[in-house]
Structure formats: structure tokens, C-alpha cells
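First to last, the sequence lines map onto chains A and B.
Each residue of the first sequence is one higher than the last, beginning at 1 in the working numbering.
Each residue of the second sequence is one higher than the last, beginning at 1001 in the working numbering.
Treat each hint with caution, since some may be false.
[Claimed, not checked] Calculated cross-link-like contacts (lysine-lysine; reagent style DSSO-like; alpha-carbon spacing at most 27 Å):
(1) B/Lys1063 to A/Lys45
(2) A/Lys424 to A/Lys389
(3) B/Lys1248 to A/Lys357
(4) A/Lys120 to A/Lys389
(5) A/Lys271 to B/Lys1268
(6) B/Lys1044 to B/Lys1201
(7) B/Lys1406 to B/Lys1428
(8) B/Lys1161 to B/Lys1044
(9) B/Lys1276 to A/Lys176
(10) A/Lys62 to A/Lys271
(11) A/Lys367 to A/Lys243
(12) A/Lys46 to B/Lys1084
(13) A/Lys176 to A/Lys51
(14) B/Lys1248 to A/Lys243
(15) B/Lys1063 to A/Lys62
(16) A/Lys243 to B/Lys1276
(17) B/Lys1254 to A/Lys357
(18) A/Lys62 to A/Lys51
(19) B/Lys1206 to B/Lys1425
(20) B/Lys1425 to B/Lys1393
(21) A/Lys45 to A/Lys176
(22) B/Lys1084 to A/Lys176
(23) B/Lys1207 to B/Lys1147
(24) B/Lys1063 to A/Lys92
(25) B/Lys1248 to A/Lys271
(26) A/Lys176 to B/Lys1406
(27) B/Lys1044 to B/Lys1063
(28) B/Lys1087 to B/Lys1147
(29) B/Lys1268 to B/Lys1248
(30) A/Lys260 to B/Lys1206
(31) B/Lys1425 to A/Lys51
(32) B/Lys1063 to A/Lys176
(33) B/Lys1254 to A/Lys271
(34) B/Lys1044 to A/Lys357
(35) A/Lys51 to B/Lys1125
(36) A/Lys357 to B/Lys1268
(37) A/Lys46 to B/Lys1428
(38) B/Lys1201 to B/Lys1125
(39) A/Lys271 to A/Lys389
(40) A/Lys243 to B/Lys1201
For the record, the hints were derived by calculation from the structure and aren't laboratory data.
Treat the numbers as computed from the prediction; the structure is a model and nothing was measured.
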Amino acid sequence: MKKSNTIIAGTMVAGAIAVQGSMTGSSAQASATEIRPFHVNIPQKKLDDLKRRILATQWPEKETVADQSQGVPLATMQELANYWATSYDWRKVEAKLNSLPQFITNIDGLDIHFIHVRSKHKNALPLIVSHGWPGSIIEQLKIIDPLTNPTAYGGKAEDAFDVVIPSMPGYGFSGKPTTTGWGPEHMARAWDILMKRLGYTRYVAQGGDWGAIVVDYMGVQTPTGLLAIHTNMPGVVTADIDKAAFGGEPTPAGLSAEEKHAYEGLVFTYKHLGIYQMMAGRPQTLYGLADSPVGFAAYMLDHGDHDGEPAAAVLTALNRTSSANGELTKDEVLDNMTLYWLTNTAVSASRIYWENKGGFFSPKGVKIPVAVTVFPGEQYQAPRSWTEKAYPNLVYYNVVDKGGHFAAWEQPRLFAQELRAAFKSVR
Amino acid sequence: MKKSNTIIAGTVVAGAIAMQGTVSSAQTGSSAPAKSTEEIRPFKVHFSQSDLDDLHRRILATKWPDRETVTDETQGVQFATMQKLAKYWAANYDWHKCEAKLNALPQFITRIDGVDIHFIHVRSKNPNALPMIITHGWPGSIIEQLKVIGPLTDPTAYGGKAEDAFDVVIPSIPGYGFSGKPTELGWTPVRIAKAWVELMKRLGYKKFVAQGGDWGNAISEIMAMMAPPELLGIHTNMPATVPAEISKALASGKMPEGLSSDEQNAFKQLGYFYGKGLGYALEMGNRPQTLYGIADSPIGLAAWILDHDISSYELIARVFDGKSEGLTRDDILDNITMYWLTNTAISSARLYWETTQISTGGGFFDSRNVTIPVAVSVFPDEIYAAPENWARKAYPKLIYFNKLSKGGHFAAWEQPQAFSEEMRKAFKSLR
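From just these sequences and the hints, can you work out the full model?
Structure, rendered in C-alpha cells:
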């Protein structure tokens, strides 16, 4: 991970920019735009409490099937719980986070946490990378160095990015909204404020999952300086296809092979919407996720990619203790779960589903340049035909052969290569 | 609650009836002789103090989320309601009272089709009493039915006549309460319906009626479709009456033209439930095992149970806000505590999964093909209030239809007197 001395300069520049928005009390005006350094330091007693709760889990009986068709199998959860309580070490990821420049700044009344790493290369392209649910900044840690320091990873100096990785409101170390209105469109506006506050006048944005929807809305809002977006979960599904897939109807006639494959992915996704319907309709009812570490861990594992449910990539990760090329490991999966637990964000993170007024995979009307990478394990694989229609200014489209919903986390090298290629034309 | 001495006789009679079915194949080890599998054993509830202490400790140690960002229930069970519930649960609630109430009733266990079935069985002192099997649903249990036992078996003590009397059989659905948890697949409402017929026969009943709401309705309707000669008719307080064209229209979200005001009301209620209120059922239908959080967190379980449907939630939430209509705090916590102590959050949810496996894609309330006599009581706060013309279409032999002025999804539990009067009127013509 790269630590940059130029951060301080960045925050100073930012400090001089006036804040727009809704701060109450003019005395807060000057401090509202302040960018404060941030370090993670979880008290030991919180970690002890987590361990105690995991060991005291009241377990249900085993599922009545021999596979995962009723949900995350008991044996999987018990093995994970055992490792979580006895072998997992949160302090490692805490140290990793604290080796990165992290900050908090207040936007529209809410503290926004972010990692900000500037490249040593002068003409680095500023990039904001937005995670989704059940992700966090933990997903992006492995792409920071390849993006900011490309020459160490087979890239060229002119491929370099400055990266800004914010925690979404209600997630991780960002504040939890106490009022309504923090949907993806609001987050999109906040990300632009953040980039401007950091002194960036031209930048690009990247996202998957909710992050993809946030960057789509940024593309719709077209703030000055936003050159292009890259998405690994593109919104390209037309209303009629979406409706048919939601209703589980047979594949419509006249679809090409790749469109048919996409359609099947959507049908699979929509068949496994239970957790999302709860979060969209009744997020507050999920007290069990806030109170039970194992309950929350199971809910997160059952994310439901086209890659299987739980996603094959995540299940494979649970059996991987180390990786040479940055593939997902068991510790990383637990880093993310533990972050949610320690920040008590199971319910606050769910509220974005309740807040969301638009669709998930629907075209949002993005007219600025868009780059798309299609990963094989994503919820659905966006066909080029649909993608070209949804994004009239498509500057890059590539189907890669590995990686899933958590692309940056699962295949960080490949992901970084994609971003270099994707944004080449807009530098 | 009524205790009956005639139970013992009942169990003896039952013990003599031969068993049909597939028990032996589901049993491991054939050492248990066929006769003992149909034995009806008396049952008492007892939980150790350490189980209760553990629950108490967990409630107090709840890790809470922050409060909702709205001032109403639109994001789910409200934080203030849950905190009041937790406080009462930990500080005032006494499970032993419920345990004593249950143990004052004749309870039994008998093995049917490989699973232990727990049931309450109270015979009326009236020898001509009509036998009735009452089935609860999710997130209910036998706790829902306790208040109707007296009025049904001993009507003269509750403003009824001797000839209104029922013998009542109140089983716990497999995976629920004190019944066994199936470890093999296939315990759908169809299999449960078959088991209920077997149970009634084993108890020596040559003719009986069935009643249910929620899953209890599905099970009773399916029993009626099987139409065993012993089953005279059914009563439902959650009828499945939605016509095919309405079900289709609900999927598209467009209300058809020309509906009566009752139909429009039902359409809106169903639209709301399918659109916003069904998340829990979808999750239980697809991924029940993933719900580790409600097995591990008493407060998580309580909130999940409270949020069954919007009207039920309002009926229950008001109780914790000090209003006393319908249920009491103890009623609500008796039921939740039973789910907790029996660790049945997930085993009960599997009924949704099992049903999903045999689903042909229709809605919960789509009409079935029930041709034996059916009686319907419509409680206004049910998930939807079935219009009479839909009920007539769904049940060609509709023998009784009545709309009540109050009560909701848990009708027997909330309005036991009105519910019992409904049973008397509903089944009068079948006696």
C-alpha cells in the first residue's frame, strides 16, 4: 500500500474551497469543509465482545438438504464462526487501513470517510471508486497500489490514477444518516462535492453494485469536471426485459445468445430477492443482523450472484488462506464482515435499498463517456447490444474471463488493468 | 382453560386404531414395533431455568442498531417499540405462567409419518360435541388458540348452548413449537394435511371439521381438497379466494376496471402486501437457512415475528404503547418465547421453502379447488378482506360467510369470543 506525502497539500487546497449545502450555524461554515485525518482504533473490549458473541451463538439445526439450496449451510457457518472467534485477527486489517491516508469531511451535514492516495506520477488521473452492499472500502484496498503506482505492476507511468475511496453514508466509518434522503442520487452529488473539495477539477468515477448506480447518477448529473465513468455492474436492462425477468417469464423470443445469457442471469437474480426486499421494504426490522455476528455473516455471504448463492467466488475464498495474485481470502471476507459489525452498520447500510427510488439495472440516461467491464460472475452479463443502447457514448466495452460481483476484491490486478484501458481515451 | 377427564379414554381408543402410511420407511432401526409408533404419549412443557436465564441475559446484551430515519413504521418495526418490548421481556415477563397454562391442558405427542406431532386435545363434556382440528400458521403457534378452547369445548359457560360444543385438537405444525423438526424433505402443507387426517382418525374421530388461518388455512383447504370422508367441512379466517384474473392483474400492478368497492379494497391490500410486505416470506421461501440471525438474537426474532404484515404489526405495536385491545404483552411474548426456547425460527421458516418447491407460481391467496362445504369469517384487519363474491366463486359450497367489525390476522388470539361465536354459527348446518 502506498502512503503519499502529497496528501497534506491536497487537504490544504481543499480547505480553501467554500462549502455548499445545508450546514446549520455559520460558525460551522469554516470547519464544515475541513478535512480531518482519520485513524481506525477499535477498543479491545469491542473485539472481545464480538468473540464472546460468536462463541455464544444459538445455532439452528442443520438444513434438511445436502447442498446450499436452503441457504448458507450450517457446516459452512460453523466453520467460519470457529475461525472468526479463534484465529481471525482484526488488528491486521486495522494496521493496513491505518497505513493508508484516511480522512473525514462533512458533506451535507454528514461525516464522509474516505481513503485518498495520490500517485507520485504528475499527470495521474483522479478517480473516485465507490463500493456497494455488502461491500465497503475493504473491497478496494488491493487496487490502490496498482492504480496509483502502475509501473510496479506492469503498467506505465501515464496509466497512473489518484484514488479516492469513500465509505457510503451509513457504511463503515462514514456517518449514519439520521434523516431520510440519502439515496444513490444524493450520494452521487456528495461524491462530486468531495472531489471538488479535494481540489480536483477533472476526474473519473468508478463503481460496482450500489457504486455502479451512484456513478450512473453522477453520469446523469454531469457535474463539471467529470470526464467519464466506469462500471462493473452496468444499468442497461430495458423496462420490458426487466419486467419479464422479474416475473420469471420464459426467455423472450429474438434474443441473441449473449442476451439470452443475460436474461437468465436476471431471472436468477430476481428469484433470490428476499434479502433485498426486506432491506428495501423493512430495513429496520433486521434487528437480528445488528445483534448476531453469525446472522449478519450469513446474510452477507448469501449475496446471490449469478455465480451461485452464496457466490462461488466467496465460498472459494473461505477455503483460501493466502493468495499470490490477490484473489479473495477468508481473512478478507472476515475483514469486511468485522468492519460492518464493529461499526454497527448492518441496518444503516440496508437503508439505501429503502431510499432508492429508481431501478437497479435500468438505464439511467447517462450521456457522458462510459466504460464497461463485464465480469463472468456478476449478477448478469451485460450484452454489448444492450450496453450500446443504454450508454450512447460507450468508450470502452470488454468481457473478461474471471471475476464476479466483487470484481476489484476478487481480481484486483485484472480490475486495475481494466481501469487503465477503460480511461485511456479520456485522459 | 378446560381440563377434561375424558382424554384418557380418547387416547386409549386412539391407540387401538391401525396406522396407515409410511412411518416405517422414515424410521431408522426397525426395533420400534409398529404399535409403539402410533402411541399417544402425554406431554408436559418444561424448560430449565438456565435456558430462561440465558434468554434473559441475551435480551439485556442486545446490540441495537440506531433508530429508524422516519417517524413512522415505514422502515419496519420501530426502535422505540422494540426497546419497550425488550425491557418488558427482560424485566417483567414470566414464561412460567405460560408453561403452567399449557400444562393445565391435556397435551400429547404422537408420531405420524416419521415426525413427532405435539397437540392439545380437549374433549367437551357434551358427548355430541363436534370434533374440530384447528391449525395455526407462521409466526403463530398453539399459543394463538389457547383462549378459544374454553368457549368451544364448554360453550354454556361462555354464552353458548350445549349443542354448540366442540372437541378441539390443536396440533403444532412440524418444525413448530413442540412438534418434531423434520430432518427429511417433503413436509409441505400437503403432507401436513395428510398427517392431520391421520391424527384425527388416531384419536378415534369418524367425522370432524377443520379450521385454520395463515398456513392453517392452506393446510385446511388442502385437507378439504383431499376430501377424506370423515371431513365434513372447513372454516377459514384467511380464505384463498383470489380469482385467476385478479391474481394476474396483481402481478402486473394494474387494477382491472369495474371492481366493486370491496374488490377494490382487497386488490389494494393484496397489492401492498405483495409489493412491500412479502420480503420475509420470500427469504423464508428461498433461503430459510440463511436466517441465522433470528435463531441467534431474541430481539431479531421478535422483530421478524412482529413484522408479519402491516396490520398485525400495528395491532401488536399498540399493545407495547399501552393500549389493551386484542392481545396482551404476555400473549405476544408467550409466542415469541416459545419460538426462542424451542429454537424453531428456522425449522418453522422451512415450511415456506417446502411450499416453494411445489409452487406452480401462484400467489398465497389464489383460490384452490375446494368442493366440500366451506365457512368463511372475514376479519377486517386480515392481510386482505375477502369479498363475498370472490368467496362464492372460490368455494362452490360456501355454507357460511360473515364479515366482522374487528379482529385481524390472529383472529382466535385477538378476538376469542367473536371467533368462538363464528365457529358455532359456521358449523351449525354440518352437525
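We went through each hint and held it up to the structure:
{"no.": "1", "hint": "B/Lys1063 to A/Lys45", "verdict": "holds, 14 Å"}
{"no.": "2", "hint": "A/Lys424 to A/Lys389", "verdict": "holds, 22 Å"}
{"no.": "3", "hint": "B/Lys1248 to A/Lys357", "verdict": "holds, 25 Å"}
{"no.": "4", "hint": "A/Lys120 to A/Lys389", "verdict": "violated, 38 Å"}
{"no.": "5", "hint": "A/Lys271 to B/Lys1268", "verdict": "holds, 24 Å"}
{"no.": "6", "hint": "B/Lys1044 to B/Lys1201", "verdict": "holds, 23 Å"}
{"no.": "7", "hint": "B/Lys1406 to B/Lys1428", "verdict": "holds, 22 Å"}
{"no.": "8", "hint": "B/Lys1161 to B/Lys1044", "verdict": "violated, 31 Å"}
{"no.": "9", "hint": "B/Lys1276 to A/Lys176", "verdict": "holds, 24 Å"}
{"no.": "10", "hint": "A/Lys62 to A/Lys271", "verdict": "holds, 23 Å"}
{"no.": "11", "hint": "A/Lys367 to A/Lys243", "verdict": "holds, 24 Å"}
{"no.": "12", "hint": "A/Lys46 to B/Lys1084", "verdict": "holds, 25 Å"}
{"no.": "13", "hint": "A/Lys176 to A/Lys51", "verdict": "holds, 25 Å"}
{"no.": "14", "hint": "B/Lys1248 to A/Lys243", "verdict": "holds, 14 Å"}
{"no.": "15", "hint": "B/Lys1063 to A/Lys62", "verdict": "holds, 26 Å"}
{"no.": "16", "hint": "A/Lys243 to B/Lys1276", "verdict": "holds, 17 Å"}
{"no.": "17", "hint": "B/Lys1254 to A/Lys357", "verdict": "holds, 20 Å"}
{"no.": "18", "hint": "A/Lys62 to A/Lys51", "verdict": "holds, 23 Å"}
{"no.": "19", "hint": "B/Lys1206 to B/Lys1425", "verdict": "holds, 22 Å"}
{"no.": "20", "hint": "B/Lys1425 to B/Lys1393", "verdict": "holds, 21 Å"}
{"no.": "21", "hint": "A/Lys45 to A/Lys176", "verdict": "holds, 23 Å"}
{"no.": "22", "hint": "B/Lys1084 to A/Lys176", "verdict": "holds, 23 Å"}
{"no.": "23", "hint": "B/Lys1207 to B/Lys1147", "verdict": "holds, 24 Å"}
{"no.": "24", "hint": "B/Lys1063 to A/Lys92", "verdict": "holds, 25 Å"}
{"no.": "25", "hint": "B/Lys1248 to A/Lys271", "verdict": "holds, 18 Å"}
{"no.": "26", "hint": "A/Lys176 to B/Lys1406", "verdict": "violated, 40 Å"}
{"no.": "27", "hint": "B/Lys1044 to B/Lys1063", "verdict": "violated, 34 Å"}
{"no.": "28", "hint": "B/Lys1087 to B/Lys1147", "verdict": "holds, 26 Å"}
{"no.": "29", "hint": "B/Lys1268 to B/Lys1248", "verdict": "holds, 14 Å"}
{"no.": "30", "hint": "A/Lys260 to B/Lys1206", "verdict": "violated, 56 Å"}
{"no.": "31", "hint": "B/Lys1425 to A/Lys51", "verdict": "violated, 58 Å"}
{"no.": "32", "hint": "B/Lys1063 to A/Lys176", "verdict": "holds, 16 Å"}
{"no.": "33", "hint": "B/Lys1254 to A/Lys271", "verdict": "holds, 22 Å"}
{"no.": "34", "hint": "B/Lys1044 to A/Lys357", "verdict": "violated, 52 Å"}
{"no.": "35", "hint": "A/Lys51 to B/Lys1125", "verdict": "violated, 57 Å"}
{"no.": "36", "hint": "A/Lys357 to B/Lys1268", "verdict": "holds, 21 Å"}
{"no.": "37", "hint": "A/Lys46 to B/Lys1428", "verdict": "violated, 63 Å"}
{"no.": "38", "hint": "B/Lys1201 to B/Lys1125", "verdict": "holds, 20 Å"}
{"no.": "39", "hint": "A/Lys271 to A/Lys389", "verdict": "holds, 26 Å"}
{"no.": "40", "hint": "A/Lys243 to B/Lys1201", "verdict": "violated, 48 Å"}
Checked against the numbered hints given earlier, the structure breaks hints 4, 8, 26, 27, 30, 31, 34, 35, 37, 40 and satisfies all the rest.
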